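Participant: What follows is each chain in one-letter form.
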Amino acid sequence: MLRGGRAAVVLAAALALTACGGGGEPGGGEPGGGVYRIGVVTSSTGPFAANHTTMVAGAEYAVKVLNENGGINGNKVELVTVDGQNNPTSLATLIPQLATRDQVYAIVGPVDSAGCEIACATANKLEVPIVSPGAGRPGVLANSRPYGFTLAQPDAANSTAVLSKAIRDLGFTTAAIITDEANATTKAQADLFTQIFADTGVQVVQRATFASGDSSFASQITSIAAADPDVLALAAGPDDAGRIAREARSQKLRATFLGTGALQSGGSAYVAAGGEATEGTIAAAQYDPHSSNPVAAPLLEKAQADTGQADIPLNFAYAFDAVNMVATLIKEKNLAPDGTDIANARRQIQEGLNAMDRYVGMADVTTFAEDGTAERPQLRSVVQGGKFVIDKSAS
Amino acid sequence: MLGQQLFNGVLLGATFALVALGFNLVVGAMDRLNFALGETAMVSAVVGAVLMETGLPFAVAFLAAIATGGLLAVIVYVASFRYVSDRFPTASILSSLGMGLVLTAVVVKVFGSDQRSVPDVLAGVDLDLGLFRVSGAQLVIIVLAALMTVGLYVFLDRTVWGTAIRGVSDDPTMVALLGVPVQRVILLTFTLSGVLAGAAGLLTGLAYHSVSPFDGFTSTLTALMVIVLGGLGSVTGGVIAALVIGVLQTLTVAYLSATLRDLIVFVLVGIVLLVRPQGLFGRNAGVLERV
Amino acid sequence: MSPYAEAVLLQVGINVLLALGYWIAVSTGKYSFGHAAFMAIGAYAASMLTLNFAWPLPVAMLVAAVVAAVAGAVIGWMALRLSLLYLAIITFIFGQLVELLFAQWDYVGGATGMIGMTGTTLTLVYSSIAVVVVYLVLLTRSRLGLAYAAIREDERAATASGLRITRIAVGAFAASAAVTGVAGALAAHQLMIITPSLFGPQQALLIILYCVLGGVQYFWGAAVGAIVLSVLPIWFEWLNDWYMIVYGLLFVVLMIVRPQGLIGRSERSGGGPLLRRLRRDGAVAVEREREPVG
Numbered sequence: 001m002l003r004g005g006r007a008a009v010v011l012a013a014a015l016a017l018t019a020c021g022g023g024g025e026p027g028g029g030e031p032g033g034g035v036y037r038i039g040v041v042t043s044s045t046g047p048f049a050a051n052h053t054t055m056v057a058g059a060e061y062a063v064k065v066l067n068e069n070g071g072i073n074g075n076k077v078e079l080v081t082v083d084g085q086n087n088p089t090s091l092a093t094l095i096p097q098l099a100t101r102d103q104v105y106a107i108v109g110p111v112d113s114a115g116c117e118i119a120c121a122t123a124n125k126l127e128v129p130i131v132s133p134g135a136g137r138p139g140v141l142a143n144s145r146p147y148g149f150t151l152a153q154p155d156a157a158n159s160t161a162v163l164s165k166a167i168r169d170l171g172f173t174t175a176a177i178i179t180d181e182a183n184a185t186t187k188a189q190a191d192l193f194t195q196i197f198a199d200t201g202v203q204v205v206q207r208a209t210f211a212s213g214d215s216s217f218a219s220q221i222t223s224i225a226a227a228d229p230d231v232l233a234l235a236a237g238p239d240d241a242g243r244i245a246r247e248a249r250s251q252k253l254r255a256t257f258l259g260t261g262a263l264q265s266g267g268s269a270y271v272a273a274g275g276e277a278t279e280g281t282i283a284a285a286q287y288d289p290h291s292s293n294p295v296a297a298p299l300l301e302k303a304q305a306d307t308g309q310a311d312i313p314l315n316f317a318y319a320f321d322a323v324n325m326v327a328t329l330i331k332e333k334n335l336a337p338d339g340t341d342i343a344n345a346r347r348q349i350q351e352g353l354n355a356m357d358r359y360v361g362m363a364d365v366t367t368f369a370e371d372g373t374a375e376r377p378q379l380r381s382v383v384q385g386g387k388f389v390i391d392k393s394a395s
Numbered sequence: 001m002l003g004q005q006l007f008n009g010v011l012l013g014a015t016f017a018l019v020a021l022g023f024n025l026v027v028g029a030m031d032r033l034n035f036a037l038g039e040t041a042m043v044s045a046v047v048g049a050v051l052m053e054t055g056l057p058f059a060v061a062f063l064a065a066i067a068t069g070g071l072l073a074v075i076v077y078v079a080s081f082r083y084v085s086d087r088f089p090t091a092s093i094l095s096s097l098g099m100g101l102v103l104t105a106v107v108v109k110v111f112g113s114d115q116r117s118v119p120d121v122l123a124g125v126d127l128d129l130g131l132f133r134v135s136g137a138q139l140v141i142i143v144l145a146a147l148m149t150v151g152l153y154v155f156l157d158r159t160v161w162g163t164a165i166r167g168v169s170d171d172p173t174m175v176a177l178l179g180v181p182v183q184r185v186i187l188l189t190f191t192l193s194g195v196l197a198g199a200a201g202l203l204t205g206l207a208y209h210s211v212s213p214f215d216g217f218t219s220t221l222t223a224l225m226v227i228v229l230g231g232l233g234s235v236t237g238g239v240i241a242a243l244v245i246g247v248l249q250t251l252t253v254a255y256l257s258a259t260l261r262d263l264i265v266f267v268l269v270g271i272v273l274l275v276r277p278q279g280l281f282g283r284n285a286g287v288l289e290r291v
Numbered sequence: 001m002s003p004y005a006e007a008v009l010l011q012v013g014i015n016v017l018l019a020l021g022y023w024i025a026v027s028t029g030k031y032s033f034g035h036a037a038f039m040a041i042g043a044y045a046a047s048m049l050t051l052n053f054a055w056p057l058p059v060a061m062l063v064a065a066v067v068a069a070v071a072g073a074v075i076g077w078m079a080l081r082l083s084l085l086y087l088a089i090i091t092f093i094f095g096q097l098v099e100l101l102f103a104q105w106d107y108v109g110g111a112t113g114m115i116g117m118t119g120t121t122l123t124l125v126y127s128s129i130a131v132v133v134v135y136l137v138l139l140t141r142s143r144l145g146l147a148y149a150a151i152r153e154d155e156r157a158a159t160a161s162g163l164r165i166t167r168i169a170v171g172a173f174a175a176s177a178a179v180t181g182v183a184g185a186l187a188a189h190q191l192m193i194i195t196p197s198l199f200g201p202q203q204a205l206l207i208i209l210y211c212v213l214g215g216v217q218y219f220w221g222a223a224v225g226a227i228v229l230s231v232l233p234i235w236f237e238w239l240n241d242w243y244m245i246v247y248g249l250l251f252v253v254l255m256i257v258r259p260q261g262l263i264g265r266s267e268r269s270g271g272g273p274l275l276r277r278l279r280r281d282g283a284v285a286v287e288r289e290r291e292p293v294g
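Chains as they are written, first to last, in full-length UniProt numbering: chain A, 1 to 395; chain B, 1 to 291; chain C, 1 to 294.
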């Protein structure tokens with residue numbers, strides 16, 4: 001058993017190193033001022049890496065602005081970023097790491113629903129408030145209440161009224177629906193479209209399905225083109241939707257494209273993937289990068305100037321707001337820095353988020369509903385000149 | 001509409017065929033699987049797409065893509081095959097999977113994780129052939145895929161180096177004794193497989209209108225299904241199997257459901273494997289014993 | 001113990017269990033590329049019982065083991081007839097079928113999966129490991145362990161020497177699948193959420209990597225592989241977007257330096273890697289002998 005013994009030593013050493021690794025004492029702030037740590041859960045690889053990068057930038061920008069203005073009661077705010085590497089199971093250890101080792105007051109992220117399901121449920125179990133800027137899949141927080149929140153309003157609640165009105169305004173009579181069948185979010189979108197078309201008296205003349213991943217869409221579009229609908233509803237992720245648009249136009253399909261809020265909240269992905277073919281696409285929206293809200297407008301303008309971006313992306317604004325919501329609550333409830341009485345502080349932040357009514361920030365007005373999802377503005381957007389523009393006349 | 005759907009299927013099959021041929025060449029020469037070939041195709045497509053975005057003509061982008069493919073295949077050969085012991089059958093599989101991870105991660109690091117749009121070629125062209133219509137991009141795909149396949153046939157059949165490749169794949173011991181520089185032939189085989197994968201990558205990008213950094217493994221998988229169906233090492237079998245799978249997938253999506261698309265291929269391949277383990281067009285059972 | 005240390009120990013323990021389970025199948029020389037499917041079967045079976053019928057987790061784990069073992073037996077029966085590549089493909093297809101089945105099955109939540117399972121404790125995980133380790137120690141010292149090795153070395157010779165290899169291989173795969181199913185049940189009740197995509201090709205590959213990285217010769221090699229691969233992401237988190245690049249290169253370098261894995265003898269017959277390479281280059285691959293992989 002000599003070899004076995006050696007293996008056991010390796011095992012024990014590895015475990016010891018990891019379990020104790022980096023057990024830095026909480027609240028090691030610089031002298032004179034305390035620190036409030038906020039966790040950020042990102043993913044530097046996988047299909048949502050770009051969204052996460054934007055989210056981290058928004059959170060970092062929020063912290064920079066906060067600290068420039070004296071922090072919270074003279075104490076600095078600090079982000080602790082952990083990287084899930086697009087592996088949902090690793091979140092099951094990263095969240096406890098933030099909760100225990102880093103003593104964070106709250107957690108921001110991840111933006112994707114699959115990541116949030118595990119991260120938010122774990123955080124909820126450990127009683128750490130967690131705000132996902134983007135998770136919008138129906139039921140994503142089912143196992144994460146009362147500590148889990150998402151800033152995104154799910155499609156069904158956000159898009160129904162907007163899209164029904166758009167269909168009536170434009171007088172569509174026939175429609176086709178293309179659905180990603182391998183994805184719970186897009187299947188829910190397809191049900192939503194079916195309901196909307198039924199309510200508005202639009203006849204669904206063709207349905208096509210695909211499974212996310214490799215697909216040329218040629219086959220689906222050929223079937224749809226044969227039915228020649230007025231409108232093609234895209235129950236698809238933004239990247240896939242863009243490719244569908246390209247294929248549709250290359251097969252001379254004339255239909256107008258219709259998308260839920262998820263299409264617009266994907267940022268530039270849809271237009272980048274679809275190019276010119278996406279012009280004229282109508283989608284519901286819950287975020288206006290050029291909002292005229294008196295609180296949001298100056299924040300957006302300052303962010304544009306500070307970051308050099310012409311349009312502040314959705315995930316940037318949502319992460320900015322998430323950090324500021326937490327900071328506001330810490331200030332309001334006068335919570336002590338450096339992880340002092342952290343369990344109580346977390347509970348108070350949770351209660352504060354749940355009680356929050358009409359928080360106004362960079363992304364306009366947000367209220368959390370009973371189930372932790374956000375109630376957001378309902379807007380209509382249209383692709384014009386290579387980007388989603390909020391159609392202010394329509395809302 | 002059936003005519004159009006069949007054409008869609010053939011087009012899809014044509015792109016599958018190129019990666020599968022590349023895969024097959026390496027199986028023939030070394031009895032080993034290069035699991036980084038899909039990623040090689042992906043990187044080539046990204047390089048091609050980036051060049052096309054800067055306004056360079058498609059021909060230049062295509063040449064750059066196949067050059068990238070060839071170069072990467074050589075790098076993969078050196079890293080995952082040349083110095084990896086063939087006594088452990090899993091070693092080069094793991095190593096090339098590792099190279100695949102590296103290639104994907106590098107593309108994500110340099111170009112980001114978003115899908116990259118591949119510009120159209122011959123956008124104005126739209127041929128109506130009665131039974132089906134052919135767009136400019138489709139024309140380019142089908143012509144180039146056919147040219148490369150025929151070119152490969154001619155190369156393997158008519159040239160000295162081609163004969164050497166076939167020789168190494170048939171009996172490496174014998175050709176080595178006859179004085180064929182086996183290592184150099186294997187290097188050439190890898191280069192060729194990379195060139196085919198590079199072409200396949202960009203042409204698939206044209207067909208799909210985009211390329212994603214995470215496409216690599218899927219391409220490898222499809223290629224694997226194709227060569228198993230067609231018979232390991234069989235060039236003709238590979239081409240036919242690719243077309244069969246392309247048409248089958250297209251018709252499944254059009255008339256059944258997209259959910260069944262991969263399933264139907266898996267079931268077909270599974271049945272073929274259990275009933276006729278050498279594949280539809282397998283040359284001999286010898287390769288099977290070794291892989 | 002802090003929740004963080006507990007979470008790490010749970011994750012490491014579950015991964016060790018996965019590696020040990022996989023090792024049982026590999027010790028007969030058969031590589032499965034669909035072991036995540038057994039994990040899924042165990043995870044879903046146990047979750048159905050604990051969530052919908054309020055069974056206690058330990059009992060649900062036993063059922064998970066039995067259900068997974070039945071599936072494993074079928075795969076083991078096919079495994080005998082197939083070479084390395086073809087077995088890899090068949091098991092991969094099996095994995096895809098299982099994933100698809102769960103994604104289409106509304107009773108278990110379809111693509112959204114199941115939510116709300118709890119109850120995985122350190123005691124449960126590490127006593128499961130203890131049971132498996134005892135079994136493996138007994139196995140490697142028994143005639144059955146020798147039979148596994150005989151099949152791995154030369155299937156035909158094993159048959160010729162009177163071993164009933166069908167029964168042995170089916171048994172090995174069933175045992176392997178049972179352990180993997182238990183690991184799946186534990187993982188489900190730790191993660192609280194399962195979706196079909198959690199048990200896709202990526203997870204299948206990870207299980208293989210644990211085993212091959214550690215070395216397939218001894219079962220503790222597989223365990224070491226699982227531990228190393230579980231803590232790597234934690235140790236090297238600071239690499240951020242370099243992580244995947246370093247991770248991939250690690251395999252490339254390792255396969256050149258130690259193709260047999262971290263634990264294990266370097267070669268069966270004489271000479272270090274360098275000596276052998278010199279010899280091979282000298283003979284220009286005339287002597288392309290290779291390990292029989294059956």
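I should point out that these hints are in silico values taken from the structure, not numbers from a laboratory.
Nothing here was measured: the structure is a model prediction, and the numbers come from that model.
Please note: incorrect hints may appear among the correct ones.
[To be verified] Per label pair, the in silico range of CB-to-CB distance:
no.	chain 1	residue 1	chain 2	residue 2	range
1	A	Glu279	B	Thr236	44 to 52 angstroms
2	A	Glu279	B	Leu2	41 to 49 angstroms
3	A	Lys252	B	Leu178	21 to 29 angstroms
4	B	Phe111	A	Leu170	36 to 44 angstroms
5	C	Tyr126	B	Val78	39 to 47 angstroms
6	A	Ala310	C	Val70	56 to 64 angstroms
[Stated by the list, open to error] Some chain B residues close to chain A (C-beta under 8 angstroms, calculated; not the full set):
no.	residue
7	Val134
8	Leu156
9	Thr159
10	Thr163
11	Gln183
12	Thr191
13	Val253
Where a beta carbon is used, it is the ideal one built from N, C-alpha and C, also for glycine.
Participant: Given a hinted range of 36 to 44 angstroms, is it respected by the beta-carbon distance of Phe111 (chain B) and Leu170 (chain A)?
Facilitator: The hint (36 to 44 angstroms, Cβ to Cβ) holds, given that Phe111 (chain B) and Leu170 (chain A) are roughly 37 angstroms apart.
Participant: Hint check: is the beta carbon of Gln183 (chain B) less than 8 angstroms from a beta carbon of chain A?
Facilitator: 35 angstroms, violated
Participant: Could you tell me whether the CB distance from Glu279 (chain A) to Leu2 (chain B) stays inside 41 to 49 angstroms?
Facilitator: Given a distance of about 32 angstroms, which is not inside 41 to 49 angstroms, the answer is violated.
Participant: Answer holds if the nearest beta-carbon of chain A is closer than 8 angstroms to that of Val134 (chain B); otherwise answer violated.
Facilitator: Result: violated, 11 angstroms to nearest chain A Cβ.
Participant: With respect to the beta-carbon atoms only, verify the hint that Ala310 (chain A) and Val70 (chain C) lie 56 to 64 angstroms apart.
Facilitator: The hinted range 56 to 64 angstroms holds for Ala310 (chain A) and Val70 (chain C), with Cβ atoms some 60 angstroms apart.
Participant: Taking 8 angstroms as the limit, does the beta-carbon of Leu156 (chain B) come near enough to a beta-carbon in chain A?
Facilitator: The hint is violated - Leu156 (chain B) has no Cβ within 8 angstroms of chain A, the shortest such distance being about 28 angstroms.
Participant: Under 8 angstroms is the threshold here; is the Cβ of Thr163 (chain B) close enough to any Cβ of chain A for the hint to stand?
Facilitator: At 35 angstroms from the nearest chain A Cβ, Thr163 (chain B) fails the 8 angstroms test, so the hint is violated.
Participant: I want to verify a distance hint. Is the separation of the beta carbons of Tyr126 (chain C) and Val78 (chain B) within 39 to 47 angstroms?
Facilitator: Distance hint for Tyr126 (chain C), Val78 (chain B) holds at roughly 43 angstroms.
Participant: Are Thr191 (chain B) and chain A close enough, Cβ to Cβ, to be under 8 angstroms, as the hint says?
Facilitator: 25 angstroms, violated
Participant: Lying within 21 to 29 angstroms: is that true of the beta-carbon distance Lys252 (chain A) to Leu178 (chain B)?
Facilitator: At 58 angstroms between Cβs, range violated.
Participant: Is the hint on Val253 (chain B) kept, meaning its closest Cβ partner in chain A is under 8 angstroms away?
Facilitator: 4 angstroms, holds
Participant: Mind checking the CB of Thr159 (chain B) against every CB in chain A and telling me if the closest is under 8 angstroms?
Facilitator: Given a least distance of 34 angstroms, the restraint on Thr159 (chain B) is violated.
The structure is inconsistent with the numbered hints 2, 3, 7, 8, 9, 10, 11 and 12, although it conforms to all the rest.
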